[in-house]
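Visitor: Protein chains in written order, with the numbering used here: chain A, 1 to 110; chain B, 1 to 113.
Certain hints may be false.
[Said to hold, decoys possible] Calculated pairs, DSSO-like style, for lysine-lysine (alpha carbon to alpha carbon, straight line, at most 27 Å):
hint, chain 1, residue 1, chain 2, residue 2
1, A, K37, B, K57
2, B, K14, A, K37
3, A, K42, B, K71
4, A, K71, B, K57
5, B, K9, A, K42
6, A, K58, A, K42
No lab work stands behind these hints, which were simulated from the structure alone. Since the model is a prediction, treat every value here as computed from it, not as a measurement.
Each chain is listed here by its residues.
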Amino acid sequence: GENVEQHPSTLSVQEGDSAVIKCTYSDSASNYFPWYKQELGKRPQLIIDIRSNVGEKKDQRIAVTLNKTAKHFSLHITETQPEDSAVYFCAANLWGKLIFGQGTELSVKP
Amino acid sequence: NAGVTQTPKFQVLKTGQSMTLQCAQDMNHNSMYWYRQDPGMGLRLIYYSASEGTTDKGEVPNGYNVSRLNKREFSLRLESAAPSQTSVYFCASASSGGYNEQFFGPGTRLTVL
Numbered sequence: 001g002e003n004v005e006q007h008p009s010t011l012s013v014q015e016g017d018s019a020v021i022k023c024t025y026s027d028s029a030s031n032y033f034p035w036y037k038q039e040l041g042k043r044p045q046l047i048i049d050i051r052s053n054v055g056e057k058k059d060q061r062i063a064v065t066l067n068k069t070a071k072h073f074s075l076h077i078t079e080t081q082p083e084d085s086a087v088y089f090c091a092a093n094l095w096g097k098l099i100f101g102q103g104t105e106l107s108v109k110p
Numbered sequence: 001n002a003g004v005t006q007t008p009k010f011q012v013l014k015t016g017q018s019m020t021l022q023c024a025q026d027m028n029h030n031s032m033y034w035y036r037q038d039p040g041m042g043l044r045l046i047y048y049s050a051s052e053g054t055t056d057k058g059e060v061p062n063g064y065n066v067s068r069l070n071k072r073e074f075s076l077r078l079e080s081a082a083p084s085q086t087s088v089y090f091c092a093s094a095s096s097g098g099y100n101e102q103f104f105g106p107g108t109r110l111t112v113l
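Same shape as in the complex, but just chain A (with noise of 0.2 Å):
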């Protein structure tokens, strides 16, 4: 089945500096890469997603990147503002089914 790694696990950031996270997948079938943002004690949401056929992908300050060929893909935010502090999940699609890394808690400091 799939297997989807996520990096860092923990990651603080200066209000305004860039955050970088990175996940890894293992089945080249997984053909659509979603990334959600989840709150303290709420549920998560979706913030952006990516499918297999595009590369790369931006709104606003937040952008993903796919590498098809490595298997991995990449959520970056730029111009960090206190309000990013969550967690964050990436997830990949196969035959249906989401596998979610084990998320990374993003802090951004004033």
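Since the structure of chain A is already known, use the hints to place chain B on it.
Guide: Positioned in the frame of chain A, the structure of chain B alone reads:
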């Protein structure tokens, strides 16, 4: 629209007790999912239902059963609760397969003593 709703929000069980977690969505989605979330382990898929009338095992199905009651409702049952099932349970729904955004419910925090 309420989106995805779950009941109860909190539950405490004793080892060996049974209970059913309820989930409903009003977005006319075909697919529904049950996850558990444990510290440091992300979200792990327990069972999913690609469409009304079908259910399939996910990564961690042991100790659980599910029922897709109709298109709106998908329940998760613990027949004999164990302390290892202490977790936060999330239900989610999506319009089809795994290629579209999954919308999550608010979660149920379950403690098994």
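Visitor: A/K71 and B/K57 were given as a pair; does the straight-line alpha-carbon distance stay at or below 27 Å?
Guide: holds, 25 Å
Visitor: Could you grab the alpha-carbon distance between A/K37 and B/K57 and see if it respects the 27 Å cut-off?
Guide: Holds, because 25 Å separates the two Cα atoms, which is no more than 27 Å.
Visitor: Verify the proposed pairing of B/K9 with A/K42, using a straight-line Cα cut of 27 Å.
Guide: Holds: B/K9 and A/K42 sit about 12 Å apart, inside 27 Å.
Visitor: Going straight from one Cα to the other, do B/K14 and A/K37 come out at no more than 27 Å?
Guide: Answer violated: B/K14 to A/K37 is near 33 Å, above 27 Å.
Visitor: Are the Cα atoms of A/K42 and B/K71 separated by 27 Å or less?
Guide: Distance of about 25 Å is within 27 Å: holds.
Visitor: Holds or violated: A/K58 and A/K42, Cα atoms, limit 27 Å.
Guide: Status holds; Cα separation ~25 Å.
Checked against the numbered hints given earlier, this structure breaks only hint 2.
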